[in-house]
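We have chain A; now place chains B and C onto it with these hints.
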Amino acid sequence: MAEGFAEAGADLELVGITKRFPGFTAIEELNLTIPAGSFFALLGPSGCGKTTTLRLVAGLEDPTAGRILIGGKDVTQTKSYQRPVNTVFQSYALFPHMTVLENVAFGLKRRRIADPLGKAHEALRLVELDHVAQRKPTQLSGGQQQRVALARAVVNRPALLLLDEPLGALDLKLRRQMQIELKDIQQDVGLTFLHVTHDQEEAMTMADTVAVMNKGQIEQMGAPEELYELPKTAFVANFLGQSNLFTGKVTSTGKDSFVVDVAGTKIEVPRERAQRHAGEVTIGVRPEKLMLHTVAPKAASGTNVIGPGRVSDVSFSGVSTQYTVSVPGLGEVIVFAQNMVFGPVVNTGAQVWLTWTVDHGFGLADDPAEAPRFEPDTDTKSIAVQKREKLEEELEEA
Amino acid sequence: MAFGAFATSAPVVESAPRRRSRVALLLLLPGIAYLALFFLVPLVSLILTSFQEKTPGTDIGVYSYAFNLENYAFIFSTYGEHMLRSVFYAVVATVLALLFSYPLAYFIGVTLRRFPLLQALALTLVIAPFFISFLLRTLAWKQILSDEGPVISTLKGLSLLGSDAHFTGTAGAVIFGLAYNFIPFMTLPIYTSLEKLDLRYVEAGGDLYASPARTFFSVTLPLSAPGVISGTLLTFIPISGDYVNASNAFLGSSETAMVGNVIESQFFTSQNYPVAAALSIVLMAAILLLVSIYVRKSGTEDLV
Amino acid sequence: MIGRFFARYTIWIYATLAFVFLLIPIIYTIVFSFNDSRRTNIAWRGFTLDNWIYLCEEQGVCQAFVNSILVGVIATLLATTLGTMIAIALVRYRFKFRAATTLLLFLPMATPEVVLGTGLAAEFLTAGIPKGMLTVILAHTMFCISFVVVTVRARVASLDPAMEEAGRDLYASPGQVFMRVTFPLLLPGIIAAALLSFALSFDDFIITNFNSGPFVTFPKYLYTAAAKGMPAEANVVASAVFFIAIIAVVVSQLSAAAKRKRLAKQ
Chain A
-12 MAEGFAEAGA DLELVGITKR FPGFTAIEEL NLTIPAGSFF ALLGPSGCGK TTTLRLVAGL
48 EDPTAGRILI GGKDVTQTKS YQRPVNTVFQ SYALFPHMTV LENVAFGLKR RRIADPLGKA
108 HEALRLVELD HVAQRKPTQL SGGQQQRVAL ARAVVNRPAL LLLDEPLGAL DLKLRRQMQI
168 ELKDIQQDVG LTFLHVTHDQ EEAMTMADTV AVMNKGQIEQ MGAPEELYEL PKTAFVANFL
228 GQSNLFTGKV TSTGKDSFVV DVAGTKIEVP RERAQRHAGE VTIGVRPEKL MLHTVAPKAA
288 SGTNVIGPGR VSDVSFSGVS TQYTVSVPGL GEVIVFAQNM VFGPVVNTGA QVWLTWTVDH
348 GFGLADDPAE APRFEPDTDT KSIAVQKREK LEEELEEA
Chain B
17 MAFGAFATSA PVVESAPRRR SRVALLLLLP GIAYLALFFL VPLVSLILTS FQEKTPGTDI
77 GVYSYAFNLE NYAFIFSTYG EHMLRSVFYA VVATVLALLF SYPLAYFIGV TLRRFPLLQA
137 LALTLVIAPF FISFLLRTLA WKQILSDEGP VISTLKGLSL LGSDAHFTGT AGAVIFGLAY
197 NFIPFMTLPI YTSLEKLDLR YVEAGGDLYA SPARTFFSVT LPLSAPGVIS GTLLTFIPIS
257 GDYVNASNAF LGSSETAMVG NVIESQFFTS QNYPVAAALS IVLMAAILLL VSIYVRKSGT
317 EDLV
Chain C
1053 MIGRFFARYT IWIYATLAFV FLLIPIIYTI VFSFNDSRRT NIAWRGFTLD NWIYLCEEQG
1113 VCQAFVNSIL VGVIATLLAT TLGTMIAIAL VRYRFKFRAA TTLLLFLPMA TPEVVLGTGL
1173 AAEFLTAGIP KGMLTVILAH TMFCISFVVV TVRARVASLD PAMEEAGRDL YASPGQVFMR
1233 VTFPLLLPGI IAAALLSFAL SFDDFIITNF NSGPFVTFPK YLYTAAAKGM PAEANVVASA
1293 VFFIAIIAVV VSQLSAAAKR KRLAKQ
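Protein chains in written order, with the working numbering: chain A, -12 to 385; chain B, 17 to 320; chain C, 1053 to 1318.
It should be emphasised that the hints constitute simulated quantities derived from the structure, not laboratory data. The beta carbon of each residue, even a glycine, is placed where N, CA and C say it ideally should be. Don't take every hint at face value.
FRET-style restraints, in silico, Cβ to Cβ [claimed, not checked]:
{"no.": "1", "chain 1": "C", "residue 1": "1114", "chain 2": "B", "residue 2": "53", "range": "48 to 58 Å"}
{"no.": "2", "chain 1": "A", "residue 1": "7", "chain 2": "B", "residue 2": "172", "range": "33 to 43 Å"}
{"no.": "3", "chain 1": "C", "residue 1": "1212", "chain 2": "A", "residue 2": "129", "range": "18 to 28 Å"}
{"no.": "4", "chain 1": "C", "residue 1": "1214", "chain 2": "B", "residue 2": "233", "range": "38 to 48 Å"}
Here are the simulated SDA-like pairs of lysine to any residue, each with C-alpha atoms no more than 25 Å apart in a straight line [said to hold, decoys possible]:
{"no.": "5", "chain 1": "A", "residue 1": "285", "chain 2": "A", "residue 2": "297"}
{"no.": "6", "chain 1": "C", "residue 1": "1183", "chain 2": "C", "residue 2": "1161"}
{"no.": "7", "chain 1": "B", "residue 1": "313", "chain 2": "C", "residue 2": "1110"}
{"no.": "8", "chain 1": "A", "residue 1": "96", "chain 2": "B", "residue 2": "265"}
{"no.": "9", "chain 1": "B", "residue 1": "313", "chain 2": "C", "residue 2": "1153"}
{"no.": "10", "chain 1": "B", "residue 1": "172", "chain 2": "C", "residue 2": "1080"}
{"no.": "11", "chain 1": "A", "residue 1": "66", "chain 2": "B", "residue 2": "214"}
{"no.": "12", "chain 1": "C", "residue 1": "1272", "chain 2": "B", "residue 2": "212"}
{"no.": "13", "chain 1": "A", "residue 1": "253", "chain 2": "A", "residue 2": "239"}
{"no.": "14", "chain 1": "A", "residue 1": "96", "chain 2": "A", "residue 2": "86"}
{"no.": "15", "chain 1": "A", "residue 1": "96", "chain 2": "B", "residue 2": "214"}
{"no.": "16", "chain 1": "C", "residue 1": "1280", "chain 2": "B", "residue 2": "265"}
{"no.": "17", "chain 1": "C", "residue 1": "1317", "chain 2": "B", "residue 2": "265"}
{"no.": "18", "chain 1": "C", "residue 1": "1183", "chain 2": "B", "residue 2": "284"}
{"no.": "19", "chain 1": "A", "residue 1": "96", "chain 2": "B", "residue 2": "219"}
{"no.": "20", "chain 1": "B", "residue 1": "212", "chain 2": "C", "residue 2": "1312"}
{"no.": "21", "chain 1": "A", "residue 1": "96", "chain 2": "B", "residue 2": "227"}
{"no.": "22", "chain 1": "B", "residue 1": "212", "chain 2": "C", "residue 2": "1313"}
{"no.": "23", "chain 1": "A", "residue 1": "66", "chain 2": "C", "residue 2": "1064"}
{"no.": "24", "chain 1": "A", "residue 1": "123", "chain 2": "B", "residue 2": "212"}
{"no.": "25", "chain 1": "C", "residue 1": "1280", "chain 2": "C", "residue 2": "1303"}
{"no.": "26", "chain 1": "C", "residue 1": "1148", "chain 2": "B", "residue 2": "92"}
{"no.": "27", "chain 1": "B", "residue 1": "212", "chain 2": "C", "residue 2": "1061"}
{"no.": "28", "chain 1": "A", "residue 1": "123", "chain 2": "B", "residue 2": "232"}
{"no.": "29", "chain 1": "C", "residue 1": "1148", "chain 2": "C", "residue 2": "1210"}
Just a sample of chain B residues kept apart from chain C, beta carbon distances all over 10 Å, derived [as the list claims (entries may be wrong)]:
{"no.": "30", "residue": "41"}
{"no.": "31", "residue": "62"}
{"no.": "32", "residue": "69"}
{"no.": "33", "residue": "96"}
{"no.": "34", "residue": "211"}
{"no.": "35", "residue": "214"}
{"no.": "36", "residue": "218"}
{"no.": "37", "residue": "239"}
{"no.": "38", "residue": "256"}
{"no.": "39", "residue": "297"}
{"no.": "40", "residue": "314"}
The shape of chain A in the complex, shown without the other chains:
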């Protein structure tokens, strides 16, 4: 191994990183630490700054301010070809004028590693593409190119491997397969992976730690389950999966929980799962935590009850069914129910009550005075339902 490059992954530290482009600021005062050997996902919508962050770490851009440290060493001033970092590009960027083997061996040859071709073959065997070693990249399918790009990066055993939405162009089945393979490779070889993506399912499946990024800032960071079950901001609540969000005033507070009045309905929220405990707050609960009842349930401590409401939509999606319930004062509430039996549990128009365990609720840090008020909005409705409503509107106008 050439000196300067780690045998195993190294940790990455971003300190006070700011990146300004003429006309807008992509990243403002970003601080981030990624421990060595972990699979880290940077998740966010397009334009949130995640790709910029990746390029800063790779050395393809210079930060306007701040420092980047890899394995404790300050690399902010070093150029990309001197950093122990490799990237799997979104477009793969496989050199079209070289064979697959030459592509994979390229980095090894530059660093004068012994037996570059042998190691390249090994890496190709890892991604099961040794049999196409002599072909040119243009002769491969998208999935094959993606695997070659991965081999080309991994073969160098970099301290840090960056992946820029590498699975975007693959079909679903291949994507799932690659997700498992990537995770295996990362754990086998012990590298530190930084995966940038807008696909929240991908991030949650593969990563040990996920950071949700929005407008150049990290909104929340943590293990996937933590982020999903306890979102701290409305953005995270809506970006990761779906949420039912309600805004109301805190009316009473207890030792472990407090009560929020949402248009007449009282909802209890545990203290330790809420970011704000007084005044106007936005609270929420995940759709799969809700239970449907066709008869009014008895009030019980530790359970929130809302309703009655009318089922306005039933949407079957294989594993589960999504019910949209119109509750007066609360708006449209979404319920996911696993399809334990054939067919929907209730039909459209039925009168239902919804309950959930108090401990499943969460409270957001957003101040409703500054942030949008939440009645369940279009974000949480399925796309098919949105389209249908829009069509109905248009027909009515016609």
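Frame of chain A, contents of chains B and C only:
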């Protein structure tokens, strides 16, 4: 495309399978017939003329056919030196043009991508010399580089040149003129290639530990090879047949005569058409040979 | 730090020097068109506008210039027509002998001008056609065709055949499809080819020299004058052509940019 240097680099649309039709023949016929008449026939004419010889006992300019290779033997023995000199000048001038033009093409095609207006301006400046007749351009250099001109007199004044040194009329001046006149022919094809270069490949090179210099030689240069090949061909071929630069009215002297000069003088002064024709045929054959070797080695798919 | 500065700006410095170098003879030619010269225009005597004002009084300059324009226009028309037809056929139709046709088109571009020149001269001699304006036009048309084909072909190849199919689908006859769909879409490429062809014809010397006899084009005039002494009026003509060409290019670029801006705003 080797000679598509002047064509726009528009994307090619996946076309429907070509139709077989009478219309095709109708469209092709006039143009092809014209080329056959005014290109193929002259070539054949040249070949035939090269086998003629002076009819004994007649005036200048009267010939009859003799089916031997005397003319060819004659030109190889008498003008072999000129042929070698032409090749030498052409190679050196092409290399100089390449060394000059590549960075310029890189500047316009890569560095200026962020400034489209400047890019258009730069392209205009590269083509600008075309708009002044190349005869006048060459004459301008002759006068600038002449012994009384600013360049030589300054260098002599600074004692960098001996007092009896001169530049015009030497091989150096001819090569200089040849290289200068064909710089746009070299720059534009290379520019076309570099303009299409996906810079992400360069980024990938850097990501894989290649220094900027290494990335240039391993990634950028190979990917711009089609342009370099086009440019080299578009430059070398005209240069090898040029006689303006090497004539003594311009940058040359009687010692720098190239094959073109010989052909010109045989044709006009001596009215020795068979020899002129033979020389032309040899020149063309040599070029075709060199081009086919070059192209086969570099592997371009289609040249038109 | 200086190293970094150089690395970034070396290429800008090089490019600037390179452009200056390229323009030296042009500037020289233009400057000397204002020279108060006598027989030869070598030493600078003084500034004068006489050369520009009394341009055509110099023997032969204006006639040569007009001749070149005439030949250029006619040859361009012929070459563009013939070449466009070939280009369309090459891209859109199947036919036998495609390889031979391509070779025939490629060869003139690969042949040095001396060879083309002597060949044509030999042919005209054998056929008994006297050298003059006709032979020059015939020669120019010949070598321009290949360049036209290459330029237009690229344009035809980038044309979506679905356009013509849409035309036929909408009840247009083949002739109408060509006039209303194909030709307008090809026009930019055809114009580019025509301009290229005109430029090549106007500046051609070697082939013209072998095939013109007593007919004098502007480059031929320059060649003979170079030996005797170049009058400043020649510089005037060349400079005028240069300015017209530059202005034309700049205007077309600006109007294209303005058009793009207008379309983007809509």
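Evaluated hints:
no.: 1; hint: C:1114 with B:53: 48 to 58 Å; verdict: violated (33 Å)
no.: 2; hint: A:7 with B:172: 33 to 43 Å; verdict: violated (55 Å)
no.: 3; hint: C:1212 with A:129: 18 to 28 Å; verdict: holds (25 Å)
no.: 4; hint: C:1214 with B:233: 38 to 48 Å; verdict: holds (43 Å)
no.: 5; hint: A:285 with A:297; verdict: holds (19 Å)
no.: 6; hint: C:1183 with C:1161; verdict: holds (23 Å)
no.: 7; hint: B:313 with C:1110; verdict: violated (53 Å)
no.: 8; hint: A:96 with B:265; verdict: violated (55 Å)
no.: 9; hint: B:313 with C:1153; verdict: holds (23 Å)
no.: 10; hint: B:172 with C:1080; verdict: holds (22 Å)
no.: 11; hint: A:66 with B:214; verdict: holds (20 Å)
no.: 12; hint: C:1272 with B:212; verdict: violated (39 Å)
no.: 13; hint: A:253 with A:239; verdict: holds (10 Å)
no.: 14; hint: A:96 with A:86; verdict: holds (14 Å)
no.: 15; hint: A:96 with B:214; verdict: holds (23 Å)
no.: 16; hint: C:1280 with B:265; verdict: holds (9 Å)
no.: 17; hint: C:1317 with B:265; verdict: violated (56 Å)
no.: 18; hint: C:1183 with B:284; verdict: holds (14 Å)
no.: 19; hint: A:96 with B:219; verdict: holds (17 Å)
no.: 20; hint: B:212 with C:1312; verdict: holds (21 Å)
no.: 21; hint: A:96 with B:227; verdict: holds (12 Å)
no.: 22; hint: B:212 with C:1313; verdict: holds (23 Å)
no.: 23; hint: A:66 with C:1064; verdict: holds (22 Å)
no.: 24; hint: A:123 with B:212; verdict: holds (19 Å)
no.: 25; hint: C:1280 with C:1303; verdict: violated (38 Å)
no.: 26; hint: C:1148 with B:92; verdict: violated (40 Å)
no.: 27; hint: B:212 with C:1061; verdict: holds (23 Å)
no.: 28; hint: A:123 with B:232; verdict: holds (20 Å)
no.: 29; hint: C:1148 with C:1210; verdict: holds (23 Å)
no.: 30; hint: 41; verdict: violated (7 Å)
no.: 31; hint: 62; verdict: violated (5 Å)
no.: 32; hint: 69; verdict: holds (15 Å)
no.: 33; hint: 96; verdict: holds (18 Å)
no.: 34; hint: 211; verdict: holds (14 Å)
no.: 35; hint: 214; verdict: holds (19 Å)
no.: 36; hint: 218; verdict: holds (14 Å)
no.: 37; hint: 239; verdict: holds (18 Å)
no.: 38; hint: 256; verdict: violated (6 Å)
no.: 39; hint: 297; verdict: violated (8 Å)
no.: 40; hint: 314; verdict: holds (15 Å)
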